[in-house]
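> Since the structure of chain A is already known, use the hints to place chains B, C and D on it.
This is what each chain is made of:
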Amino acid sequence: MEGVGVTIAFWVLAALTLIAAGGVMVSRNLLHAVLFLIVTFIGIAGFFVLLSAAFLAMAQIIIYVGAIAVLILFAILLTPRAGRGNSETKFALPATLLAISLAAVFLFVIHDTDWEVVQEDPSLAANQLGEALVGTWVVPFEIASVLLTAALVGAIMLVRTPEEEAEDALA
Amino acid sequence: MTSPIKSEPFVINIGPQHPSTHGVFRMKVTVDGEQVVDAEMVIGYLHRSMEKLAEERTYTQNIPFTDRTDYLSSMSNNLGYCLAVEKLAGIDVPERGQAIRVIMAELQRIASHFMALGAFTNDTGAWQTPVMWCLREREKVLDLFEMTSGARLTCNYMRIGGVAFDIPKDFEPATRKLIKTLPGFIDELEGLLSGNEIFLARTKNVAVIPPDLAVNASLAGPMLRGSGIAWDLRKADPYCGYEKYDFAIPIGYQGDSYDRFIVRVEELRQSVKIIEQALDGLPGGPHSTQVPLALRPPKGEAYARVEGPRGELGYYVVSDEGPSPYRFHIRPPSLINLSVLKEMTVGGSVADAIVALGSVDIVVGEIDR
Amino acid sequence: MTREWSGEELAAAAERLVPGSVARITSNACYLKPETLVQTFTALRDDAETDFKYLANLCGSDYWDRFEVVYHIHSFDKNQIGLFKCETAERDEPVLPSVVPVWHGAWIQENETYDMFGIRFEGHPNLVRMLLWDGFPGWPLRKDWLSMPGGLQPGLNEFTGVARRQEPPVRRYEE
Amino acid sequence: MRVQFLATDNWYDLRDLSNLSSAILDGLDKIAPQGVVYVAAALIGFVAAFLIFVLPSQLFVGVLGERKLIGRIQSRYGPNRVGPYGVLQPIADALKLLTKESLTPVAADRLVMYMAPVLFVMPAVLMWAVIPFGPNMIFADIPVALVYFLAISSLPVLASFMAGWSHNNKYSLFGAMRIVAMAISYEIPLVLSLLGVVVLTETLSLQEMVFWQDRFDIWLFAVQPLAMIIYFIAVSAELNRTPTDIAEAESEIVAGYLTEYSGMKWGLFYGMDIGYALGAAAFGVTVFFGGWTLFGLEEWVPAWMIFVVKVWAFYFLFIWTRGTLPRLRIDQLMSFAWKYMLPLALFNLLIICTERILWTDAFDGDKPFIYLFAIANIIFAGLLILGWARLLGYRPERTQTRPRMVQEAGGYVPVAPARGEGR
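Protein sequences appear in the order of chains A, B, C and D. Take 1 as the starting number for the first sequence in my numbering and just add one per residue. Take 172 as the starting number for the second sequence in my numbering and just add one per residue. Take 541 as the starting number for the third sequence in my numbering and just add one per residue. Take 716 as the starting number for the fourth sequence in my numbering and just add one per residue.
Next up, chain A with everything else stripped away, as it sits in the complex (with noise of 0.2 angstroms):
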């Protein structure tokens, strides 16, 4: 995707983003967190769209804004103190030093490295994705599934209440 609207697109999109990632570290009220950590998603998949990653950008919103964020709400809700507020702690000064010496390293390396640019338009198809998913990358693809059902079993083990642990020990 060229021309002159797409550039303008991705300097908005770039400072929408970055606002955003900002209001979430400084926002006091932690919903207001949450709430600028869903605008960064959406603009993370606005890049998608720009990189004609059509499927990509569809699966971001799905996942991130769809599931992610809401079980990042669900979290804040359950945990007894979800109503407090990001209250200054003494780590401040420190954590921006650290923040701004790896903001420059990472600038440094971005700046450094030739990057070698993809001349044609490299539109991914959602079945070129598919058959790369189940084809050539198979293996990667079911062993983080697997991964993630060990999570999922192991979450749900340590929240268990003691009646169910005591359960088991019947069984």
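To be clear, the hints were calculated from the coordinates, so they are not data collected in a lab. Built from N, CA and C at the ideal position, the CB exists for glycine as well. Possibly wrong hints are sitting among the right ones.
Straight line, CA to CA, 30 angstroms or less: simulated DSBU-like cross-link-like pairs of lysine-lysine [said to hold, decoys possible]:
hint : chain 1 : residue 1 : chain 2 : residue 2
1    : B       : K258      : B       : K415
2    : C       : K625      : B       : K470
3    : B       : K513      : C       : K625
4    : B       : K223      : C       : K618
5    : D       : K885      : B       : K199
A few chain C residues that don't get close to chain D, going by computed Cβ distances all over 12 angstroms [to be verified]:
hint : residue
6    : G547
7    : G560
8    : S567
9    : P574
10   : V578
11   : A583
12   : D587
13   : D591
14   : K593
15   : Y594
16   : F616
17   : D617
18   : N619
19   : R660
20   : R669
21   : L671
Output of the computed footprint for chain B on chain D, the stretches with three or more beta carbons under 8 angstroms from beta carbons of chain B [as the list claims (entries may be wrong)]:
hint : segment
22   : 907-913
23   : 1032-1042
Relative to the frame of chain A, chains B, C and D by itself:
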């Protein structure tokens, strides 16, 4: 071990202003997540202290009070009070008066049960469709009341010694027409709801009351019969000639909200049968005995009980030969049926608490008196 | 037809189950002593012959010189009803035993009686004013609580009519 | 693709409105600077899809039609006071809502509370970009239209949660928690049922699906009845319409996440609820009921007319269930989604995949076998629905719908031991 997810319970007010509390009735529900931990009712918003006012008025002036306690079944209330005073003063009522009283009480039971069934299905979430159907049929019964007593809701039709005035000429054909159409509608209502899977899922095994708790908590009416106790005052202690009519008592299986629903639906059919038999054998003669307005019953007390739509409706009247009763007490079935509110709602979800409250079929006028 | 027990029959049954529990007898009612009230009612409820398992009605009444709590209790299987009473001459702080241990449904009717007459029922799980608000001064259904002239205007928390209070036409209730 | 009867490409041929829009855009392209044409195309798309079709049908089908039909179901007249036969009722409602004062509770989170209706409306408009109204009357024929629709339909859940959370009111918190819990558990059966369609039609774009159904002259709901049923239940749960409207169950938690809203903020939620229902109906029609085609009729009658009538017919299903069914409890809904809908959707996917392979390899894709599969699928659907229900313990014959009758009054009548204790 990390502590399990702990959510602290908080109190929500299913308050006086709420779409499904059938009037000004407040239930303070302590909720832990979706589960009800404790339920407590706050009543008294409609308290007019009828019992104190009745001590300042003569026996006949008290009859309009009985209309306003349970405004959904004014005929049964009048009947209960008049029976109590007649028992106290030893007045007997002519045959025709008794037959008219039976017809009116049964018509009132049909109208009140229609309102109860409609409101109950409304609580389970059926979007006002069953309640509209039930109210459409209830209108026909109210037209009959308007034809005889002049009023639809608080009829004030019965007097000590009989009924205020005789039934008009076109009352009987209108009632017969109603009796022909009602069973068809009752089957249609039962078809719509009793077999409906979602209605079953929402009401079966909800607010179960075991039979011994039902007896011990002095419940009455459909609440008692829903738990399987075959107790109906019209059969056990027949008044106004109920022993002449043959009808059956419906009783439930395990005392959950669904049983109370099907008991009420079946009672509608039995009432239609009673009205039909009463209309066929309507005797001639006077509709009431002459009773002096300033009635002074002899010293003593009387407790008369009537099977109202919500249960045993008792009137305890003490006289000291004065023109007005010395002590006037109404046994409110709605209030006493609520004595098991905590046992019904604790453990279920908030939605079940609403359905449980709906299955009790309370009338706040009677609770607060 | 429901068989209404006369006073003597009730007293005989009560004496048979718990000797010395009957205070006095009238034509249709039997007065019980407050001390053994709960014990008598439990016996009456569990006894096969009386089988009074169902408390139909419980209400208080004020007879100027004494308070009285009336119990209509009922049996389903034997279809009979009995009228028991329990009285206390105490005027300012009337206390009577609560029958909640015998019949669970009594708690609501006792709350109402306490609300209307001020009769304290000890042994009651949570005796609280149900129909009226907590700060309500006085017990409305008592005979000496004036409802009409000079009585309490609803909503105000202290008596406005206290100054204009006259004595009511006294109507004694002789036995 | 069948060529339209007497198809003329000039702009006044109303059967295919794309001629009109392309004529406008070409004219504009000549005179306007370079970028303006894109903006104009977007505007025309918005006006055509949303303002001409969705908003009027929201008002007349959603507000007036629904209230009149539910009135008829409840044996009463719907609104008939404002204007002839109540036609002006929706406008009166809109004006009333606009002029009503919209309150904000003191302890409410003002920013989030104002943002929620906006975020609730935005996806409702975006949803209509991918819905095909005619052969080339589609705003954005993107190859991932189906996934786009799923992504957009997960946004209003967040807006409702924000609304519920920001009111600082117990009932709203209940509503917010309920809607989020339900949306997650009903999204998976929804996606799986649509996956079956994608497997059969080998495409994610809605226009392609309509062409597929046109080419094989069979509607997908006949080929996959189970997917259609699961779609309908899952979508009515997402939109929380009865029997699953527990998020704003008025009999329990007064109005759920809408309790504190009044005036136009509530109006937006109410209007856009109907907008989403229409969107889900349009999507259902496009995927399962052959979109704008009607076995060749679209050559004579304008395609978008067929589509609009079909959407209103599908919307009638929502009205019908809303008028008759009571509401399920939250835990019943959850267990229904996970224990019943999910396995059925997986079974459906299994059957469709085997049929797909059979169809392409053994019968190398010729037409009559699709009808064979359709019949087989209908039988499978019936068997699966009943079989899985009975497996979960659904014994309808055990519930007695009539009480026991007793002639004599007396004590407790013990229940005769029934054949076995049903669920």
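> With reference to the structure, classify each hint as holding or not holding.
Hint check:
Only pairs whose Cα atoms come within 30 angstroms are accepted, and K258 (chain B) paired with K415 (chain B) is accepted, the gap being roughly 20 angstroms. Restraint check for K625 (chain C) and K470 (chain B): the C-alpha separation of about 17 angstroms stays at or below 30 angstroms, so the hint holds. In summary, the hint linking K513 (chain B) to K625 (chain C) is supported, as the alpha carbons are separated by about 29 angstroms, within the 30 angstroms threshold. Between the alpha carbons of K223 (chain B) and K618 (chain C) the distance comes to roughly 35 angstroms, so the proposed pair goes past 30 angstroms and is violated.
The straight-line distance between the Cα atoms of K885 (chain D) and K199 (chain B) is roughly 13 angstroms, inside the 30 angstroms bound, and the hint therefore holds. Every beta carbon of chain D lies more than 12 angstroms from that of G547 (chain C), the smallest distance being close to 26 angstroms; the non-interface claim holds. For G560 (chain C), the non-interface assignment is confirmed: its Cβ lies about 31 angstroms from the closest Cβ of chain D, beyond the 12 angstroms cut-off. Even its closest Cβ contact with chain D, about 27 angstroms, leaves S567 (chain C) beyond 12 angstroms, as expected for a residue assigned away from the interface.
The claim that P574 (chain C) is not at the interface with chain D holds, since no C-beta of that chain comes within 12 angstroms of its own (minimum 30 angstroms). The Cβ of V578 (chain C) lies farther than 12 angstroms from every Cβ of chain D, with a closest approach of about 23 angstroms, so its non-interface assignment holds. Listed as outside the interface, A583 (chain C) is consistent with that label: its C-beta sits roughly 19 angstroms from the nearest C-beta of chain D, beyond the 12 angstroms cut-off. For D587 (chain C), the requirement that its beta carbon stay farther than 12 angstroms from each beta carbon of chain D is met, with the minimum near 15 angstroms.
For D591 (chain C), the non-interface assignment is contradicted: its Cβ lies about 9 angstroms from the closest Cβ of chain D, within the 12 angstroms cut-off. Annotated as non-interface, K593 (chain C) brings its C-beta within 12 angstroms of a C-beta of chain D; the closest such distance is 8 angstroms. The Cβ of Y594 (chain C) does not lie farther than 12 angstroms from every Cβ of chain D; its closest approach is about 9 angstroms, which violates its non-interface assignment. Residue-level check failed: F616 (chain C) sits 4 angstroms from the nearest beta carbon of chain D, not beyond 12 angstroms.
Its beta-carbon lying about 4 angstroms from the closest one in chain D, D617 (chain C) breaks the requirement of being farther than 12 angstroms from that chain. Consistency note on N619 (chain C): stated as away from chain D, yet its beta-carbon is not over 12 angstroms from all of that chain's, at 7 angstroms minimum. Annotated as non-interface, R660 (chain C) keeps its C-beta farther than 12 angstroms from every C-beta of chain D; the closest such distance is 34 angstroms. Distance check on R669 (chain C): its Cβ is at least 27 angstroms (rounded) from any Cβ of chain D, clearing the 12 angstroms threshold; non-interface status holds.
The beta carbon of L671 (chain C) is kept farther than 12 angstroms from every beta carbon of chain D, the shortest such distance being approximately 26 angstroms. Restraint check on the segment 907-913 of chain D versus chain B: 0 residues with Cβ-Cβ distances below 8 angstroms, three needed, restraint violated. Given as covered by chain B, the segment 1032-1042 of chain D passes the check, having 6 residues with a CB less than 8 angstroms from a CB of that chain where 3 are the minimum.
The structure shown violates the earlier hints numbered 4, 13, 14, 15, 16, 17, 18, 22.
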